[in-house]
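The whole structure should be built from the sequences, with the hints applied where relevant.
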Amino acid sequence: MTSEVLLEAGAPSGAAPPAAITTSGLTKRFRGGQVAVDAIDLDVPRGSVYGFLGPNGSGKTTTIRMLLGLITPTEGTFTMPPLTTVGALVEGPAFYPYLSGEANLLRFDAADPSAPPRTAKARAAEALERVGLAAAAGKRYRAYSLGMRQRLAIAAALLRPRRLLVLDEPTNGLDPQGTREVRALVKDVAAEGTTVFVSSHLLAEVEQMCTHAGIMSAGRLVAQGTIASLSGGRAARIRIDTPDLEAAARVLAALELPDVRVGSDVTAELGGHAPERINAELVVAGVAVRGLSVVRTSLEDVFVGLTGEGFDVDG
Amino acid sequence: MSTADTQTGARRTPGLVPVSETRRSAERAAAPREPSVLSEPEPSGGVVAFWRLLRSELGLTFRRPRNLIMLGVLALVPVIIGIVLKSIGTEDADGGMGALLAATAGNSLMLTFVALSALVPLLMPIAVAVVAGDSIAGEAGTGTLRYLLAAPAGRGRLLAVKYLNAVAFSVAVTAAVAVSALVVGVLLFPVGPVTLLSGTTVSFADGLLRILITVGYVSAGMAALAAVALALSTLTEVSIGAIAATLVLIIVTQVLRAFPQLDWLAPYLLPTHWSGFDGALRDPIGDMSGGLLAFTAYIALFLSTAWARFSGKDISS
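If you read the protein sequences in the order shown, they are chains A and B. Residue numbers for the first sequence follow the UniProt record's numbering, so the first one is 1 and each next one is one higher. Residue numbers for the second sequence follow the UniProt record's numbering, so the first one is 1 and each next one is one higher.
Label-pair restraints from in silico Cβ distances: (1) B:ALA160 / A:PRO97: 21 to 27 Å; (2) B:ILE240 / A:PHE30: 23 to 29 Å; (3) B:LEU212 / A:ASN56: 55 to 61 Å; (4) B:VAL248 / A:SER24: 43 to 49 Å; (5) A:SER24 / B:ALA266: 55 to 61 Å; (6) A:PRO117 / B:PRO284: 45 to 51 Å; (7) A:ASN56 / B:VAL179: 51 to 57 Å; (8) B:ARG309 / A:PRO97: 25 to 31 Å; (9) A:PRO117 / B:ALA160: 15 to 21 Å; (10) A:ASN56 / B:LEU122: 45 to 51 Å; (11) A:PHE30 / B:GLY241: 18 to 24 Å; (12) B:ARG309 / A:ASN56: 28 to 34 Å.
Please keep in mind that the hints were generated in silico from the structure rather than gathered at the bench. None of the values given here were measured: they were computed from a predicted structure. Think of the CB as a built atom: it goes at the ideal place given N, C-alpha and C, for glycine as much as any other residue.
Now the structure itself:
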């Protein structure tokens, strides 16, 4: 199905880390025939921080809703830890506006049949403390700012120790400082052994906090693997800023660099060449070099390559 | 209880395969790195957890200003009726309700029956429809439904809690009217033996007992309406839609009852039975089983409808 799935390099036999989430042919077709999620095979390793990437409308949230039992898959199966051990943030915060932050947390804790009631207050206080809302615990949700609401939603996901944390666009509405705090929080939680499944369309964010990623495009999972395997999948390129475009291209071609391209600058795959040697060759050939750099493929390049143009890259 | 149990098994619904069955040994091998979720003292048990969620629900309902205002307004009506009756006196109170009104002026307990007769056709149903119609649709509209279900509240548990909460509010609505009328009646009118509609006179204590029976009967009628509103509430994400639909149903049935040609239909309409509590004002106490049977049938039918709709519904709000 997923023609471009990048699998992780051969795991030693029998010692493959068990998965926190696996899906097999998971599909959601809405009434009217629109296929929101098309036979995806997720493999989220235990203990990983898994970035679930994709343009808006690529099926990320629908997938998360299926995992959380909110909508029924049309086809396919999945495995997940039991929901009582899963903390979730789905499609933005949603709370009772006339209740305080603390009362809201207690409300959702009451809905969890396996949450011990005796420790509820203490756990709510701890969760609020953790997201920096302790001072606003008694304030009505209505008076919370967007960032505070987002934090409260994260606090709700952290009410109990979790085996799995599902965070759908967790940094939406947060200022840069809040975004950093969320990243730190995710790191903390992951360090405790919780698997984190975080959906995002912010590539930089995923690159910074995730160990693994899966990329969705139009309902399909087009790539999946460790961050290193995803962004390392493509070769580094050398980029030369010069007025003598043709001359530079000839030099690179003479050095047998593959895929030489001429645009406003000249680029080529670096292969095994040393950049300083290429520079020397250029100078010897009389090419005026204004700048020379090695561009390693980022997740973003992989991403845009897989999902096409029009992606909302505002990260 | 867990989603794992409900989604797999005999039905072969696509969906969750219990982790325990798929990777038992692998799970254990990696266990040390996990937070000790599983070794946490496992809770409280189903009943305690259910009661906790119900208490949370009741807390939301009975602390919410909107609902308190509705209860307050309903409790105010008997006060107004009492003052009006006191000021106009019995002489002017002839006409349709003459007998009951005259009886009110003669005895404090009768105000309760007068007040319930006045409020049961529309005002009390409105209050119940607001709470029950809002129950699922309101949570869906604000998005809290997805978090309750992910908690995981469980769809059956949540629906049961929502309905029991609506029943509690139905009882509260009826009790608010009855208690207010009782207090006002005792303050404004003579306290003593009560003359019933059938002409016999019973003691004040017997009269109180009959009020209790009435409150029970009317509450059951409102609980039946709550089942209808709950079913409508599972159909939409806009609570005002569910509330309005319930009110339209009430008004249409009340209009239908006004046509003598449709008398054959009347026994099947819910509002027909709401005023059946006058049996409590006769000696011996009149037969109310027809009404109670209708209420039971409505509750069974509409709770099944609500469950059929809600159990498999895609929550995309």
